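> So the chains spell out like this:
There are 4 protein chains.
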Amino acid sequence: MAVTPTSAELDRLRIEVPSWAYGNSGTRFRVFGTPGTPRDPFEKVADAAQVHAHTGLAPTVALHIPWDLVDDWGALRRHAEDLGVALGTINSNTFQDDDYKLGSLTHVEPRIRRKAIDHHLQCIDVMRQTGSRDLKVWLADGTNYPGQDSIRERQDRLAESLAEIYAALDDDHRMVLEYKFFEPAFYHTDIPDWGTSYVHCAALGEQAKVVLDTGHHAPGTNIEFIVAQLLRLGKLGAFDFNSRFYADDDLMVGAADPFQLFRIVVELIAGGGYGDPDVQLVLDQCHNIEAKVPGQIRSVLNVQEAVAKALSLDTAALDAARRAGDVLLANEVLMDAYATDVRPLLAEHRASKGLPEDPMRAFLASGYLERIAEERQGGVQAGWGA
Amino acid sequence: MAVTPTSAELDRLRIEVPSWAYGNSGTRFRVFGTPGTPRDPFEKVADAAQVHAHTGLAPTVALHIPWDLVDDWGALRRHAEDLGVALGTINSNTFQDDDYKLGSLTHVEPRIRRKAIDHHLQCIDVMRQTGSRDLKVWLADGTNYPGQDSIRERQDRLAESLAEIYAALDDDHRMVLEYKFFEPAFYHTDIPDWGTSYVHCAALGEQAKVVLDTGHHAPGTNIEFIVAQLLRLGKLGAFDFNSRFYADDDLMVGAADPFQLFRIVVELIAGGGYGDPDVQLVLDQCHNIEAKVPGQIRSVLNVQEAVAKALSLDTAALDAARRAGDVLLANEVLMDAYATDVRPLLAEHRASKGLPEDPMRAFLASGYLERIAEERQGGVQAGWGA
Amino acid sequence: MAVTPTSAELDRLRIEVPSWAYGNSGTRFRVFGTPGTPRDPFEKVADAAQVHAHTGLAPTVALHIPWDLVDDWGALRRHAEDLGVALGTINSNTFQDDDYKLGSLTHVEPRIRRKAIDHHLQCIDVMRQTGSRDLKVWLADGTNYPGQDSIRERQDRLAESLAEIYAALDDDHRMVLEYKFFEPAFYHTDIPDWGTSYVHCAALGEQAKVVLDTGHHAPGTNIEFIVAQLLRLGKLGAFDFNSRFYADDDLMVGAADPFQLFRIVVELIAGGGYGDPDVQLVLDQCHNIEAKVPGQIRSVLNVQEAVAKALSLDTAALDAARRAGDVLLANEVLMDAYATDVRPLLAEHRASKGLPEDPMRAFLASGYLERIAEERQGGVQAGWGA
Amino acid sequence: MAVTPTSAELDRLRIEVPSWAYGNSGTRFRVFGTPGTPRDPFEKVADAAQVHAHTGLAPTVALHIPWDLVDDWGALRRHAEDLGVALGTINSNTFQDDDYKLGSLTHVEPRIRRKAIDHHLQCIDVMRQTGSRDLKVWLADGTNYPGQDSIRERQDRLAESLAEIYAALDDDHRMVLEYKFFEPAFYHTDIPDWGTSYVHCAALGEQAKVVLDTGHHAPGTNIEFIVAQLLRLGKLGAFDFNSRFYADDDLMVGAADPFQLFRIVVELIAGGGYGDPDVQLVLDQCHNIEAKVPGQIRSVLNVQEAVAKALSLDTAALDAARRAGDVLLANEVLMDAYATDVRPLLAEHRASKGLPEDPMRAFLASGYLERIAEERQGGVQAGWGA
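Protein chains in written order, with the UniProt record's numbering: chain A, 1 to 386; chain B, 1 to 386; chain C, 1 to 386; chain D, 1 to 386.
Because the hints were derived from the structure by calculation, they are not lab data. Here the structure is a predicted model, which is why all the values come from computation and not from measurement. Some hints could be false.
Examples of chain C residues lying across from chain B (beta carbon under 7 Å, computed) [claimed, not checked]:
(1) 30
(2) 42
(3) 67
(4) 113
(5) 144
(6) 289
As a list, the in silico DSSO-like pairs of lysine-lysine whose alpha-carbon atoms are at most 30 Å apart [unchecked claim]:
(7) C/353 with C/235
(8) D/235 with D/115
(9) D/115 with D/101
(10) B/115 with B/101
(11) D/353 with C/235
(12) B/235 with A/235
Even for Gly, the Cβ is constructed at its ideal location relative to N, Cα and C.
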């Protein structure tokens, strides 16, 4: 029953890739290094550009401040443009300074809240230089022990801090506010769920939107429901894509539960969010043990396959089955789209755009990995600096 | 460091008990009957009155429509008053009619939504007769299979249905809207989390509030955070108390994780919700294998102990430790209140009110259970009618 | 890279269907009835035979005692054979008698353990009449409240009870022992995990094997690991197939996470369990809202598709990638098999066996559902009798 | 109904503390340092000795190889003895070398398995020098992606590797084998549950026992059941104590769910494991944000309080209630022990042994923290070296 997506529909897919995915990441037990790992933002952007060059899907690169601070933003911007990509979302970081041990925007001490707010004002300044639209705020804030701090007062301080940052945005800026179930805080997290992010965004105004990271939910959470709800409320600003079996595992998107990714994309399309620049699709993953650039290529391809399957859905048949209350048929119509092997269609689509039919094989054959392993000797490999 | 709660503080505790806890309940595998189980609402109210008579904590009884429909509401009301209690919240039920197999207020068919709305209008009518303030809406609505129905359209239909019911409320009525993670729907639930209940209540207006059932969350959810957040937003209308190890186990409140119950009450007090009639405390449990009236007595006593411990908290010391950033001390101050054995204080408090020091022993010695087992022969024992 | 399964490989698939799936089932909130629901074991077997007639995959029917007790076992056996199927596993039931409220084989009272053991001896007697090989033991035993009973003593009583039942088995009989994380017990379950089932089976002897029900695990459990481990230990006796998003939802197998089902089958094949009559594949599901016979057809087809995908795996390429430590390539080889659309192959395979290419459409067009809805008037529809 | 534990019963408590708890630890996001953090094993042992000096509960210190490698084991041993403690369990480490990126004892390459086995043989050598009895094996081994490696073959390689290590043990040595649900592996872990650890230990022999880390289970797992089962099987070798709300949070034991800790100790006592030197109690925690030595003191006190409560249990009353099938009474007897405030009793007990009544206040008043902050300038603070 599946229908065939048009080329125009497939063309609307845009995925932002994160600069930090090309640096080293790991667990608290170990961060493994790899030959060729970038040592600065310029090399990260170069790696990111490879993903776009081979897939045509990843035209922008998200930056993380201070990890990606450079002296000359114009140079980084031109570097990106020369490589065929653009700079994207600016991510703030208030979890790697000793001052933030017990919180940042929610901290009980005004001095530390001030510092954290100022960091965000600095990020907004960077946005003006990079031409970025979105300031992404993910907070590690929370507590580890019952009683440690006042849950309620931290909410009030959070609201106050966010309001000051929001007021500093330009008119064409957005603040996108991420929630996370737990980690690195292990008792309570100050923005633990979509509801909390939503009520803060609603209080801030139109330029504030919720970020849904697919790895940031309690076990069993129906993520596509949240997608549908936030689209309905006009408050879904961005996705952070990755996948998980347990906690915030940060595996490649689609690796753990490809059917879930498909269902998420189905709701994204149904709610009008697909292809809407106001609903940004971003990767946020950790390639702890797998090769990084190939890991990113696999990830954008996984999203593309999910999109192609979701676009194959026979929505008229689905609607009819739903109206008839035919549970099995409605499920079958959905599964029919999911069961469709869209890879031949996508290979053809790529060829029609002058892209390699098999981006992974093409990239591996390009010699890029060998080249960077040889060229990037010395220096300090980029990482989270934990 | 713990402080001693005053009698006046302890006196502010009021817990509503549910009529259906005195009838039979069970699992999908088996509902076990017990001698003496009530056969009608009058007998349920009589059992409920025993809880209040022995504890002084449970002055009102929640009713469930249609389970508790009677011909003469005045008679039921007077019956309750004669026994020292009053009728409380009216609970609607749209999960036990064949028409509701695929939904009620969210159903794709207008006819069935109409029927479900009308049922709620009938409940509002009952409220006028019972003198109840609150209409509690818990929906079993959801789907079992991906694709079965449109998540998004069901939200829109839900909003529309709720709006019609809300419009029918009297000025002194409230609609309290419950959320639940899953069950009986196993793929998606139409009101699965506090965020969804909140956005509907916010859209409806001041008379709509969220109900937090302590058993209705994903594993690991920090429930006291939600308490703090909803109190901050002015939208916490009521609790449904029970406890759980796994899913919605509906065990006696405080049985599975007494420390969690304590933390919940701490946030309730901190946020100004304790003793506030606008934040109703209600039991909602299933005494599948334990004796029912004693199970209810144990439950209200568990809440009372948690309240007494929470009132023992040295909030000045806690605040000082928090301001100093002393994680261990702040935690210790909280644990100190929790570790306090409040049972002697509560026994004394009860004695001062003319109540039995040990309500459980007093009730068991009263012969009530033996009397109802003998008197309530014949007829059909009340239950969920699943 | 995927390879094409041979017809002979596909032919090794056999799935046992459960008699109780054709009767009514539901949740504690409601059991919805359907026109045409069987009223006795003969009608259940007739429905089950439809599944086999249209798919060629379900040659045996599991029975549940006492639900399926009949006076004349020879008649039921011949009835089944006339319809092209055979009677299969005998399931005991010690959860629906008032005596079992606090346990059965683990009960503190010898009288009740005796009764539960005797029930199993009766089941073994039935096996002799039905020609069944397997006695399946799933226990609802457990406790709801900490302290309620001794976890340790219940283990010892369980071991003793099982030993007596095991001793009564004929040489060609097996006892297959199921574990379950929780429900209907909500604090502790006496056989909660594979480890517990395994240690009892190991103590009993060669004729005792573990049953893995795919819905009976904690959130996040890697089920294919357990499959691999039990096959390695020679102790995997049977599967109970179904699927879940939350708890023991008992949805159609493959509905919630088709990729997980695929991974399970991959391990089944890798460990030599596929096609081995000693590793029985059985459905155990509840069609609460969907049509029952079609629900069973969909389920066996879901398993067949997972098997065909798993048989498509290029194991040589996989092995090479693993030996090279190429994480992404090994994953890609696996995903390649999963992404393959095996439906055309299976349609062809069916046609070659004289089966309908699309079993679901063929069944729906057969008029069977309409016929039973008309014929099966009056009487009491079969169900769990909760 | 609670009874009063005797001094002799309380005296049987011994808790081993881990050297690495005094060094820095954190999350993948950040490791926060603290003034005074030890820079070598001698300073770690000195800190550990403070815990014992103030509580009398922690007479031994576990070491981690290679973190705690020293040139002169005799010197470290004497250093410990001078401070009133002894060296305890030796922990191996096969997760911080680049070679172990894809596994250690389970690795597909024989060379890396050899290296990992040799590391354990080195650890056994250390045991001979430190006089340790236990070799604790926790493996980070597992995979992140489906297909990455063969689950089954890794089990076989694991069994082979463990057998070689086991064969090298002296007669008075033990191998204690830990399991963990997930992390740092995010798809499958090679020893994910007690069942897997048990089957390997059973195959190895009498000197192999299971380690139960209280933070290493799936959500909702009934840990006290596993305690009871392993004691029954004679295979519980040691505990790693900590607590958690979400994943392996490694919070202070008793901090997240003190009632669970109590239930665990109740089963430990009931099964004869309390005070048995063959069931070792060890802390394994991360003091990410709280002070480390005080965090350890709080932890051993939390265990002591749980033990005192569990020893307060009126087992005769409990047994009678269980035999009578009185669910509520049995639960009440247990809760009565839990509700008892044992702190006065423990203060008295400490005083009778010449220990400070309030170990935490005594330690904080001792000036030790100020002294080490001043003395331990320069050098590299100990940590996990991730």
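> Compare the structure with each hint and give your call.
Each hint, compared with the structure:
Proximity of residue 30 of chain C to chain B holds as hinted, the smallest CB-CB distance being about 5 Å (cut-off 7 Å). Violation of the interface hint for residue 42 of chain C is found here, the shortest Cβ-Cβ separation to chain B being roughly 25 Å, above the 7 Å cut-off. For residue 67 of chain C, the suggested interface contact is broken, since its CB lies about 12 Å from the closest CB of chain B, more than 7 Å. Given hint, residue 113 of chain C at the interface with chain B, is violated; its Cβ is 18 Å from that chain's nearest Cβ, farther than 7 Å.
This hint holds: residue 144 of chain C has a C-beta 6 Å from the nearest C-beta of chain B, less than the 7 Å allowed. Below 7 Å, beta-carbon pairs count as interface contacts, and residue 289 of chain C has one with chain B at about 6 Å; its hint therefore holds. Distance check on the hinted pair: residue 353 of chain C and residue 235 of chain C sit about 33 Å apart at the alpha-carbon level, beyond 30 Å; violated. Distance hint between residue 235 of chain D and residue 115 of chain D is fulfilled; the C-alpha atoms sit about 28 Å from each other, no more than 30 Å.
For the proposed pair residue 115 of chain D and residue 101 of chain D, the alpha carbon gap of about 13 Å is at most 30 Å, so the pair holds. Restraint check: the Cα-Cα separation between residue 115 of chain B and residue 101 of chain B comes to about 13 Å, which is no more than 30 Å; the hinted pair holds. A hinted pair counts as satisfied when its Cα atoms are at most 30 Å apart, and residue 353 of chain D with residue 235 of chain C does not qualify at roughly 53 Å. Annotation: proposed proximity of residue 235 of chain B to residue 235 of chain A holds, straight-line Cα distance about 20 Å (limit 30 Å).
Checked against the numbered hints above, the structure violates hints 2, 3, 4, 7 and 11; every other hint is satisfied.
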